[in-house]
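Protein chains: 2
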Amino acid sequence: MKIRKLSALSKEELSAILDRGGGVSEKVKTGVAEILREVKKRGEVAVLEFTQKLDGVDLSALEVSAAELSAVDENSAEFGFLREAARNIEKFHANQLENIRSEKKVSPADGIEIWREWRPIQKVGIYAPGGLAIYPSSVLMQAIPAKIAGCEEIILATPAFAGTGSPNFAGAGSPNSAGEISTAVIAAAKISGVTKIIKCGGAQAIGALYYVYNVQKITGPGNPWVTEAKKQLSDKVAIDMPAGPSEILILADDTAVPKFVAADLLSQAEHAASSKSILATTSEKLAGEVEAEIEKQISELKRDVILKEAWRLGGEILIAKNLGEAIDFTNEYAPEHLEICVENPESILPKIVNAGSVFLGNFASEPAGDFATGANHVLPTAGFAKNFSPLSVESFGKKIQIQKISKKGLSAIRGVCEKFGEAEGLDAHARSVAIRFEDEE
Amino acid sequence: MKIRKLSALSKEELSAILDRGGGVSEKVKTGVAEILREVKKRGEVAVLEFTQKLDGVDLSALEVSAAELSAVDENSAEFGFLREAARNIEKFHANQLENIRSEKKVSPADGIEIWREWRPIQKVGIYAPGGLAIYPSSVLMQAIPAKIAGCEEIILATPAFAGTGSPNFAGAGSPNSAGEISTAVIAAAKISGVTKIIKCGGAQAIGALYYVYNVQKITGPGNPWVTEAKKQLSDKVAIDMPAGPSEILILADDTAVPKFVAADLLSQAEHAASSKSILATTSEKLAGEVEAEIEKQISELKRDVILKEAWRLGGEILIAKNLGEAIDFTNEYAPEHLEICVENPESILPKIVNAGSVFLGNFASEPAGDFATGANHVLPTAGFAKNFSPLSVESFGKKIQIQKISKKGLSAIRGVCEKFGEAEGLDAHARSVAIRFEDEE
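Protein sequence lines correspond, in order, to chains A and B.
Using this note's numbering, read the first sequence as starting at 1 and increasing by one per residue.
Using this note's numbering, read the second sequence as starting at 442 and increasing by one per residue.
Think of the hints as simulated: they come from the structure by calculation, not from any bench.
Built from N, CA and C at the ideal position, the CB exists for glycine as well.
Careful: at least some of the hints might be erroneous.
What the hints assert, rightly or not - Taking CB as the label site, the calculated pair distances span:
1) B/L455 x A/G415: 37 to 47 Å
2) B/F878 x A/E343: 21 to 31 Å
3) A/G324 x B/G591: 14 to 24 Å
So that you can see chain A by itself, here it is in the shape it has in the complex (with noise of 0.2 Å):
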């Protein structure tokens, strides 16, 4: 039985259930240290050899070779679905660059302009995980942002996989210990603009990308060695967000189908057995459907040894007294994935403070999300969509600011300026702007 009244939980059971961002083991950050030191040192070789060692794939070369890519047609009839994917992570980033060039210019006193202009990262670096599945998808949400954010290259790591990770693993075109990629991810990234694929996972991969090919940014969820391994190189390049597992909590009243509401938390269970899948509702009788439909769609469905083991380890069903109790709760868990399925969910979403992605409505399902409806799944996970946002054309660029100042603007603020620098005792910084006033005076 998973059914837990929420004002029941102990603190201690309250805070095993948010806390859920893990911490790293000293043998990962030893080990990530380690891997970057030599990936430093010895650059592509030791790439090649990490990937050899902890993958036991053999390349002879990190590069997708333009041979590799031009066996792919990715305008064949097999990749429509990537292909109109696509178009919709298309039209919802290119509104966002669309929004951000539309800023207006403030002048706070006559002959002072200020404003900020886009500009792109000029070389990013992009994750797409492995091993347990190949995720296309994954390409296509952070390829696409960064292309129309105008980033000139954009490197793709992703791991050529033995496979053999997971019971369950049935990923088509399976990347395999002879140093292939699935044609499906290398078709994703020819639709999405990706410039290079280099073939390796972990945070060799991470090293590569900041070592070999001296990328400005690197985006993209990953294993705990990736991010670590992002986090350790995180004082010379940018990194998007610190990634956990994969997660969802739904927000559900009586009006909630329990089958869609168990599918639903079955879809993020899937990814791995450290899933989280979490249903806040007030109605007692839709916790007892929705945990009996559980069990029995699990069995229907082929990953079921991680679905049980994720299910067991992280799915929780919690009972609230009333909706409020329930969004109180939502908003501390501050889920990765939010499905409200609720009357009227809109009218219940300004109270949401935190979560990466939201979802309204019993026919929001959250795949959906994850493939088609073009907003970005790149999300924050355990608990960081308290402080960052979905992955977005924002995280591709940056916005310069710029000052145009005429002599009758400096004039304007001289008098703050130089009572500014009297009291930082930073009498260069006011005289900077007295000597253009010099002369007349």
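Take the given structure of chain A and dock chain B to it, following the hints.
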């Protein structure tokens, strides 16, 4: 003689100018790790101990008391300059929020609407350095965007230093060993909506913000200990960007005014001996005149000891063959502050890809942006203008994604979702979409 030709620099000489990040010593890394460990374990007590041991400041309590706050009248004439600067900062940053909120909805298909909504980070920590000077301006530059963003709690950490760090220390109302902080800093905090002030600096302040006050993001410049502490906590709390010494690059042709250029180079040099001041110019005549002006002006300024050292270590006058060469160098350098003092400065702005804050024209003195135009002065340094934006309203919140999908909308993208589920070997994903149509089939 500082003057060199850009094209004559060896690869090593160029690297010595460009690679100014420096990296952190093992001593700082382990020192910071120890401080954070202790603050995590023993909380405020450890923060007070380190403040005594490292800064020589003996505090009875970490927080500025209600009595200390009410002793400062932020509406007095004395602080008029702070209120005037605050008005401009508010104007510039309110415009950012207005722009964020004006992003349109996107509809990739009938029955699907996706959009982003702004949500503030609830609890943020801001850091204003001390030691060599006091920075009420940095309080305004962080707290005002945070307030506009909608943050509920804004906690300021700033050291109550003994004020003996520099031979040129000249901060009016400088903080002292009795544990008082500058009245100007308190006034700035009150004007800008800070909800609490804690009197500590260095790594222990960053530790206090996270472990004692549980903030969700930490922003603000600081010395290498502060920056390293932010990095070490960056898998637990969001941070703004890595920070290095302040820097200015002035791009000038023969229309620039030598004494203005010299004064502006020195305005950044006075921050610390590690500051960088670079002139890149197409005019040999200007180069010579600026060098002479610098010698002259240094002797007239209070912080002459810092200035001499900063100019000796980090001053450069570089002659470019033409404007194109100077612009390429500028983009490679990616300066925190960039002044463009050429004929028609706006015309070359589109070619500037990497810079934090750009100043156009001979009267756009950089310190005007430090204090008074309203643009932000917390900027990427050490080359991070390649991949980071200036601090802004965006730094203090996030955009959550919302997806509203009707049955009709889901049916429009159902095929794509199912194909992805198949391609990625994720049948629970495909099922969660399919199950919503099962009863009809």
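Quick rundown of the hints versus the structure:
no. : hint                        : in the structure
1   : B/L455 x A/G415: 37 to 47 Å : 41 Å, holds
2   : B/F878 x A/E343: 21 to 31 Å : 22 Å, holds
3   : A/G324 x B/G591: 14 to 24 Å : 21 Å, holds
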